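Model the full assembly from the supplied sequences, consistent with the hints where possible.
Chains as they are written, first to last, in the numbering used here: chain P, 1 to 209; chain H, 1 to 209; chain G, 1 to 209.
Simulated from the structure, these hints should not be mistaken for laboratory data. Because the structure is a prediction, the values reported are computed rather than measured. The beta-carbon is built from N, C-alpha and C at its ideal position, and this holds for glycine as well. There may be inaccurate statements among the hints.
To be verified - The calculated label-pair distances, taken between Cβ atoms and stated as ranges, are:
(1) Asp119(G) <-> Phe85(H): 54 to 64 Å
(2) Asp65(G) <-> Arg29(H): 35 to 45 Å
(3) Pro59(G) <-> Ser67(P): 22 to 32 Å
(4) Gly187(P) <-> Asp57(G): 30 to 40 Å
(5) Asn169(P) <-> Glu175(G): 25 to 35 Å
(6) Tyr195(G) <-> Lys194(H): 47 to 57 Å
(7) Pro59(G) <-> Phe78(H): 34 to 44 Å
(8) Lys91(H) <-> Glu175(P): 48 to 58 Å
(9) Ile71(P) <-> Leu115(G): 38 to 48 Å
(10) Val74(G) <-> Arg84(P): 17 to 27 Å
(11) Ser92(P) <-> Ser92(G): 51 to 61 Å
(12) Asn196(H) <-> Leu114(G): 12 to 22 Å
As the list claims (entries may be wrong) - Straight-line alpha carbon distances no greater than 27 Å define the calculated BS3-like cross-link-like pairs of lysine-lysine that follow:
(13) Lys30(G) <-> Lys64(H)
(14) Lys91(P) <-> Lys30(P)
(15) Lys30(P) <-> Lys30(G)
(16) Lys64(G) <-> Lys91(H)
(17) Lys30(H) <-> Lys30(P)
(18) Lys30(H) <-> Lys91(P)
(19) Lys194(P) <-> Lys64(H)
Said to hold, decoys possible - Computed far set for chain G versus chain P, every beta-carbon distance over 10 Å:
(20) Gly7
(21) Ala75
(22) Ala120
(23) Tyr153
(24) Phe158
(25) Leu172
(26) Tyr195
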Amino acid sequence: MVEIFSGLHYLDILGTIVFAFSGLLAASRKQLDLFGAIVIAMVTAIGGGTLRDLILDQPIFWVKDPSYIYIITVATIFLFYYARFYHVPMKSLLFLDAVGLAAFTVIGAHKAILLDLDDAIIIMTAVMTGVVGGVIRDVLVGEVPLIFRKEIYATAAFVGASLMLLGMNFGLSIEWSMFIAMLVTFGMRWMAIKYNFSLPVFKPVSHQD
Amino acid sequence: MVEIFSGLHYLDILGTIVFAFSGLLAASRKQLDLFGAIVIAMVTAIGGGTLRDLILDQPIFWVKDPSYIYIITVATIFLFYYARFYHVPMKSLLFLDAVGLAAFTVIGAHKAILLDLDDAIIIMTAVMTGVVGGVIRDVLVGEVPLIFRKEIYATAAFVGASLMLLGMNFGLSIEWSMFIAMLVTFGMRWMAIKYNFSLPVFKPVSHQD
Amino acid sequence: MVEIFSGLHYLDILGTIVFAFSGLLAASRKQLDLFGAIVIAMVTAIGGGTLRDLILDQPIFWVKDPSYIYIITVATIFLFYYARFYHVPMKSLLFLDAVGLAAFTVIGAHKAILLDLDDAIIIMTAVMTGVVGGVIRDVLVGEVPLIFRKEIYATAAFVGASLMLLGMNFGLSIEWSMFIAMLVTFGMRWMAIKYNFSLPVFKPVSHQD
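Here it is, written out as structure tokens:
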């Protein structure tokens, strides 16, 4: 029990930091000052989990455990200054975002599973936790949200969360189910970026009206 | 009693489906894949009601009754594939949005009336439930929100919700009040689109500073 | 006790009105009709406090006290018609926004202090209450959020809220701490606009990837 929870906790912190970094990178063209940058990093890192907790009527995770705020602040300040001296490739934004997506998807699913909710709600919660922070980040910096580009995105979170449920229904432990779900979510998203995989897109037969 | 509630329930499902369709149509230029499309449809369909329930401190309607999630998913998948083979006129987006606006406005008002809130809060809740999903949809797909165009929009929801309260104060049954409110909201919005009606717009005397 | 609360209440109403005005001004180029304008003014004025109350799991302030809704409505209608006959300089938007930022920052801090939360949460709550309404306003009207421009913005709220905590830790009364915090927040923001002060911006060493 303790083992899962501490594992989960590290995963959560990993997700928080990578999303904070992705927020900072996404915002870097806007020439924010340090505190503006912290605000974007914060919103990206805590947005998904905050909406999840509001909707599940749970205490907001970072109000209950303020260490998240300190971690995001320190990590953001570090990268802010680091990036003034060393090169941080802008494409690491995509990598960080994919790690964060995978981590937050399984954490969201885990939290909804503990509340014993319907499968559809568990999957909704998982996808929401995974994608919302990044959507807010992209809307705030005025970019087309990653979720809208035609490579697999929400799909990866959906498949990951579904596999996690499936694994548990087939008697797999929750740790293994989470591990597989995370690997698959990240893997699908990363392959999609790398090899430009995509699902059929929505192309109505005619637009000329 | 049962009659109202089942009537309400169908109305709610109608609003949910038309808003989901409007989300899918609005997003169609973005070339989303199927799951991206479902996400937009979902957010459009449940956004207003979710914010309403958060603010009124009620259990979120789709967490309590997951059938909404299944309905939106099935409806979206259906339209996604239907639209690949048959022509769906883009202007039906405006029609669907007007139906959804009317349905969700009266449902929002109804929910606030049951909680015995102040008239101003009932009207706020009604307008919010009606407009928020569409605003999120338009912001996400990067369009100017419909609510910002100069044809009557929030006004229709406001007038509808006010008439519903007025009707009930004058002794009309809640069913008739809702029916009239919905008809007027839809009618005002539709006339505004069709004949380009509008209210006086905000034109400050000078902009040259 | 009564004295603080009534002072706070007036401050809250001041913040509400100036943010409502800033919303109306920001939206003025969109040629909204009256109700569209009221919606933007409303969202700008209540957005920060609503998110604060949701996150702190408190009853939403304007549901508990509907007078806010009436005040915003009347103030917006007044300015809407006033601006058709008299000149309202667009740059007063920046001034109103700075007053609102200062007022809502200290009110947010005050509310979190009463709940006896961790310092980091108090500061988060204060900054959030101060900036969120304006961010929503700017996103809705399609402008680059003020918080993203390089002049000090979130920083002013952060410094103000920190000074308020510091003042109280050093034995200052809550009234004086709030007064100083508000003055400093407004002062920093206003100086930044006036003399174009700014903090070091985020400039990664290279973008050519």
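Evaluation of the provided hints:
1. Between Asp119(G) and Phe85(H) the C-beta distance comes to about 60 Å, which sits within the given range of 54 to 64 Å.
2. The hinted range of 35 to 45 Å is satisfied by Asp65(G) and Arg29(H), whose Cβ atoms lie roughly 43 Å apart.
3. Taking the beta carbon of each, Pro59(G) and Ser67(P) are about 28 Å apart, inside 22 to 32 Å as hinted.
4. Remark: the range hint 30 to 40 Å for Gly187(P) to Asp57(G) is upheld by a beta-carbon distance near 37 Å.
5. Under the hint 25 to 35 Å, the C-beta atoms of Asn169(P) and Glu175(G), about 59 Å apart, miss the expected range.
6. The beta-carbon spacing between Tyr195(G) and Lys194(H), approximately 53 Å, falls within the hinted interval of 47 to 57 Å.
7. One distance hint, 34 to 44 Å for the beta-carbon pair Pro59(G) and Phe78(H), holds here, with the actual separation near 41 Å.
8. Checked against the hint of 48 to 58 Å, the pair Lys91(H) and Glu175(P) passes, with Cβ atoms roughly 52 Å apart.
9. Remark: the range hint 38 to 48 Å for Ile71(P) to Leu115(G) is contradicted by a beta-carbon distance near 22 Å.
10. Look at Val74(G) against Arg84(P): about 49 Å separates their beta carbons, and that is not inside 17 to 27 Å.
11. The hint said 51 to 61 Å for the Cβ distance between Ser92(P) and Ser92(G), and at roughly 42 Å that hint is violated.
12. The hinted window of 12 to 22 Å between Asn196(H) and Leu114(G) is violated, with their beta carbons roughly 51 Å apart.
13. Restraint check: the Cα-Cα separation between Lys30(G) and Lys64(H) comes to about 39 Å, which exceeds 27 Å; the hinted pair is violated.
14. In summary, the hint linking Lys91(P) to Lys30(P) is supported, as the alpha carbons are separated by about 17 Å, within the 27 Å threshold.
15. Taking the CA atoms of Lys30(P) and Lys30(G), the gap is near 24 Å; set against the 27 Å cutoff, the hint holds.
16. Restraint check for Lys64(G) and Lys91(H): not satisfied, since their Cα atoms lie roughly 41 Å apart, outside the 27 Å limit.
17. Only pairs whose Cα atoms come within 27 Å are accepted, and Lys30(H) paired with Lys30(P) is accepted, the gap being roughly 24 Å.
18. The hinted pair formed by Lys30(H) and Lys91(P) meets the criterion: a straight-line CA distance of about 22 Å does not exceed 27 Å.
19. Between Lys194(P) and Lys64(H), the direct Cα distance comes to roughly 40 Å. Violation of the 27 Å bound is thereby established for this hinted pair.
20. Its beta-carbon lying about 27 Å from the closest one in chain P, Gly7(G) satisfies the requirement of being farther than 10 Å from that chain.
21. No beta-carbon of chain P comes within 10 Å of the beta-carbon of Ala75(G); the shortest separation is about 28 Å.
22. The non-interface label for Ala120(G) is inconsistent with chain P: the shortest C-beta to C-beta separation is roughly 4 Å, within 10 Å.
23. Residue-level check failed: Tyr153(G) sits 6 Å from the nearest beta carbon of chain P, not beyond 10 Å.
24. With a least beta-carbon separation of about 5 Å from chain P, Phe158(G) fails to lie farther than 10 Å from that chain, contradicting its non-interface assignment.
25. At the 10 Å boundary, the C-beta of Leu172(G) stays outside the reach of chain P, the nearest C-beta of that chain being 24 Å off.
26. Listed as outside the interface, Tyr195(G) is consistent with that label: its C-beta sits roughly 15 Å from the nearest C-beta of chain P, beyond the 10 Å cut-off.
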